[in-house]
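Residue numbers (the numbering used here), protein chains in the order written: chain D, 1 to 70; chain G, 1001 to 1252; chain A, 2001 to 2216.
No lab work stands behind these hints, which were simulated from the structure alone. Be aware that a few hints might be false.
Claimed, not checked - Heads up, simulated DSS-like pairs for lysine-lysine below, C-alpha to C-alpha not over 30 Å straight-line:
(1) K1244(G) - K1120(G)
(2) K55(D) - K1217(G)
(3) K1239(G) - K1120(G)
(4) K1011(G) - K1120(G)
(5) K1091(G) - K1239(G)
(6) K1011(G) - K1217(G)
(7) K1011(G) - K1239(G)
(8) K1091(G) - K55(D)
(9) K1120(G) - K55(D)
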Amino acid sequence: MNAGTLQHFFAMGGYAGYLWPAYAVFFIVLLADFVAPALRRRRLMHELRSRLARKAARQPRPAPTPTEPA
Amino acid sequence: MSKWIPLWLHKLGSPPTFYRFAGALRPWMLALALLTGAIALYGGLVTAPADYQQGDAYRIIFIHVPSAWMSLFIYGVMGFAAFLALVWRIKLAEVVAMESAPIGAAFTFITLVTGSLWGKPMWGTWWTWDARLTSELVLLFLYLGVIGLYHAFEDRRQGARAAAFLALIGIINVPIVHFSVNWWNTLHQGSTIRLLGPSTIAPGMLWPLLTMMLATKFYYLASLFGRVRTDLLDLESGKDWVRKIATGETPQ
Amino acid sequence: MLRRDLTLAWRRRGDIAMPVLYALIVTMLFPFALGPEDTLLQRIAGGVVLVTILLAMLLALDAMFSSDIEDGSLEQLVLSPQPLALMLAMKILAHWLTTALPLIIISPLLAGMLHLPTAVMPVLVLSLLLSTPMLSLLGAILVALTAGTRRSGMLLALMLLPLCVPVVIFAAGAVAASQQGLPWLAPIAWLGAALVLLLVLAPLACAAALRIALDA
């Protein structure tokens, strides 16, 4: 495929200004749809892990008995 | 009810089982989506002949029509899941319904924008208030309404049920969008692809179109599985199976 | 139930005036915004009056259940042995009588401000009489769904307006047809049929929505 036919392909019979933005919208919107939940998942895992870590840090200390003087 | 639902389907409704099931299938769905998508794009942009009347501009059809189909199809899935969620309060149905909404909204948006970009060179206008375009726009607002209502509730499960109710009220719009070109005089062209009987579209144009319809379905599943898995982790965050995944005891 | 709601509304008479004043002011804005040219205003008069009344009703819709939620009487209503759908139908009727009816009464005034020909006014009033109850009924379902959430008027509008599009199309269509001297009975008949359907289904849907929202 030489430069001539590639140029012809991109020109799309003069309709390039409509066709390529349309395809771009298709890809960009679906990409956003795919990436956004991935970000949410990462944030969620981070929160979960830190919450569990905090809980684990509290466990080893023995709880004070209620009759201990203040 | 349990009598006529097979056991494996019942088990699938349990969050940890579905989590594993979706996690296993998701990479395949994505791979199939990309593969069939690439084939469809090659067919649509390279091998399909130029249209007699519309030249190369018609090639927008290969993303516009599958997106439009998905915007309706996903609403149908959402409605079905909403029905299950309201009648039987199945947690997984609630999640599937709510997580389908943004994907459906995305496809509806793509449909409207690509349609507009196709309309300008073909009809001479970016927009017209005919029955099909108007009802598709209403569909977008319905999706946004479902998403908005879902997030307005403190209790996520209650929010899901309220939004599911709204989704079911709006489902009347789906047949309206589909049959609008038959029932009213619209600027939008009628159907050339038929389920039963021969289609009036050229075969060189038909196969990339059908392939892309398949690709978008695989994509929907890939995206949905990802979203549902994350949502299940969130909803069940106190449970043991989630804890095990978070600490890495079980593989993701 | 009907009497109770009407009495309560009468005690807050000032609130009844608000949608009317709103509609008057908004309608007045159009000649300022578009210029006082008669022919232009005449063409948009029917549609503007319809949309203005729709928006005025939207603003007032929120109040349908709010006071009952606050004092807890809504939950008691849901738990009471009487058929919930019927009670809600009465509530919706009371709301329509106090909100929409005043608006319909001043609608000839509003339309007159925009130079709608007097011959068309009866059709306008008729289409409002048929379309505003549908707005109340549909709105009631959605307000019930959002009962108990941090309610935003914008969210309600986002949910309600798409569902109202067919109502608006037919109601405005009837007025436009009458204005052009064309037969206007067909859209009116569609409105009437839809109203009958909604009168039966909406209270039931409203009851279901309320149960979901209150988690009953």
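How the hints compare with the structure:
Between K1244(G) and K1120(G), the direct Cα distance comes to roughly 54 Å. Violation of the 30 Å bound is thereby established for this hinted pair. Annotation: proposed proximity of K55(D) to K1217(G) is violated, straight-line Cα distance about 42 Å (limit 30 Å). Distance hint between K1239(G) and K1120(G) is unfulfilled; the C-alpha atoms sit about 54 Å from each other, more than 30 Å. The straight-line distance between the Cα atoms of K1011(G) and K1120(G) is roughly 51 Å, outside the 30 Å bound, and the hint therefore fails.
Distance hint between K1091(G) and K1239(G) is fulfilled; the C-alpha atoms sit about 14 Å from each other, no more than 30 Å. As the CA atoms of K1011(G) and K1217(G) are separated by approximately 24 Å, the hinted pair is consistent with the 30 Å bound. At most 30 Å may separate the alpha-carbon atoms for a hinted pair to count; K1011(G) and K1239(G) meet this at roughly 17 Å. The hinted pair formed by K1091(G) and K55(D) meets the criterion: a straight-line CA distance of about 27 Å does not exceed 30 Å.
The straight-line distance between the Cα atoms of K1120(G) and K55(D) is roughly 60 Å, outside the 30 Å bound, and the hint therefore fails.
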